[in-house]
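Undergrad: The C-terminal residue of the sequence shown carries number 197 in the numbering used here, and the numbering is unbroken.
The reader is advised that the hints may include incorrect statements.
Each computed DMTMM-like pair below joins lysine to aspartate or glutamate, with the alpha-carbon atoms no more than 25 Å apart [as the list claims (entries may be wrong)]:
id, residue 1, residue 2
1, Lys-97, Glu-11
2, Lys-12, Asp-27
3, Lys-143, Glu-117
4, Lys-162, Asp-124
5, Lys-162, Glu-117
6, Lys-76, Asp-106
7, Lys-36, Glu-8
8, Lys-143, Asp-195
9, Lys-36, Glu-133
10, Lys-20, Glu-8
11, Lys-114, Asp-145
12, Lys-157, Glu-169
13, Lys-96, Asp-27
14, Lys-96, Glu-28
15, Lys-131, Glu-117
16, Lys-40, Asp-145
17, Lys-182, Asp-151
18, Lys-76, Glu-8
19, Lys-131, Asp-195
20, Lys-40, Glu-11
21, Lys-158, Glu-180
22, Lys-157, Asp-106
FYI, nobody ran anything at the bench for these hints, they're computed from the structure.
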Amino acid sequence: MGNVYTDEEFEKIMIVARAKQITVLADEAYHFFYPKTFIKYALEQEHVFITRAFSKLFSMAGCRLGYAVGWSEGVKMVQKLCTPYNTNAFAMLFAKKILTTPGMLDGLTHNFNKGREYLINWLDSNGYSHKGEAGNFIFIKPKTDANTIVDRMKAEKKILIKAYPNVGEFGDCLRVSIGEQKYMEQFTEALEELDKS
Numbered sequence: 001m002g003n004v005y006t007d008e009e010f011e012k013i014m015i016v017a018r019a020k021q022i023t024v025l026a027d028e029a030y031h032f033f034y035p036k037t038f039i040k041y042a043l044e045q046e047h048v049f050i051t052r053a054f055s056k057l058f059s060m061a062g063c064r065l066g067y068a069v070g071w072s073e074g075v076k077m078v079q080k081l082c083t084p085y086n087t088n089a090f091a092m093l094f095a096k097k098i099l100t101t102p103g104m105l106d107g108l109t110h111n112f113n114k115g116r117e118y119l120i121n122w123l124d125s126n127g128y129s130h131k132g133e134a135g136n137f138i139f140i141k142p143k144t145d146a147n148t149i150v151d152r153m154k155a156e157k158k159i160l161i162k163a164y165p166n167v168g169e170f171g172d173c174l175r176v177s178i179g180e181q182k183y184m185e186q187f188t189e190a191l192e193e194l195d196k197s
C-alpha cells in the first residue's frame, strides 16, 4: 500500500528537497483511481518528476506502459539513460489503441469508480473495516480467517483474491482488486456467504 500525501505534506517535502538540492520523484501509478495529483510541481519547477502508468487501470501489469513528466533538462538527462527500446511491441500497440480510442480512459475510470463506491458502501453497511481506497485494490478485515476465505473463494466461487498478513492494526486481511460493479457484486455475494463466524 502506497502513501497518499496532502498538499501541506508534499510542500514540506519540497521545502527540504529545494534546500538540499534533491530531485523528487512522485509515483502516481494509481492516478486514475485517486484524483489528488502533484503534477503542477513537475510542470512548474525543476528537480521534480511525476511518473504514471496505464497498466493499473487496464489490469495489465505485464504491459509496462507509462510516462514521466518533469522539467525539460531533467527529461533530457533521463532520456540519455534509456535503452533504445525501452518498451515492448505489445505496449506500443496498446499505447496506440489508447491514443486512438476517444473516451476509453474516461469510461474505464468511471466504471472503476462505480465499482469502488459500491464495494465501499457494501463493506460499510455490513460491518467490515477496510483501508487503501486510493489505489486499484482494497484491504478488507474479514470476520473469519483470511487464508480460509481466499482458498474457498478460489475453489467454490472461482474468484481470485489474496490474503495479506500484518496489515497494520488490521492484522491478516483480504486484498481485493477493484473492478466494475458487476464484479464487485459477485465478490460481495461470495464474501457474505463464505465469511461467517
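Undergrad: Could you run down the list of hints and mark each one as holding or not?
TA: Evaluation of the provided hints:
no.	hint	verdict
1	Lys-97 to Glu-11	violated, 36 Å
2	Lys-12 to Asp-27	holds, 17 Å
3	Lys-143 to Glu-117	holds, 21 Å
4	Lys-162 to Asp-124	holds, 20 Å
5	Lys-162 to Glu-117	holds, 21 Å
6	Lys-76 to Asp-106	violated, 30 Å
7	Lys-36 to Glu-8	holds, 13 Å
8	Lys-143 to Asp-195	holds, 6 Å
9	Lys-36 to Glu-133	holds, 13 Å
10	Lys-20 to Glu-8	holds, 19 Å
11	Lys-114 to Asp-145	violated, 28 Å
12	Lys-157 to Glu-169	violated, 29 Å
13	Lys-96 to Asp-27	holds, 23 Å
14	Lys-96 to Glu-28	holds, 21 Å
15	Lys-131 to Glu-117	holds, 13 Å
16	Lys-40 to Asp-145	violated, 44 Å
17	Lys-182 to Asp-151	holds, 22 Å
18	Lys-76 to Glu-8	violated, 30 Å
19	Lys-131 to Asp-195	holds, 18 Å
20	Lys-40 to Glu-11	holds, 12 Å
21	Lys-158 to Glu-180	holds, 17 Å
22	Lys-157 to Asp-106	violated, 30 Å
When the structure is compared with the earlier hints, violations turn up for hints 1, 6, 11, 12, 16, 18, 22 and for no others.
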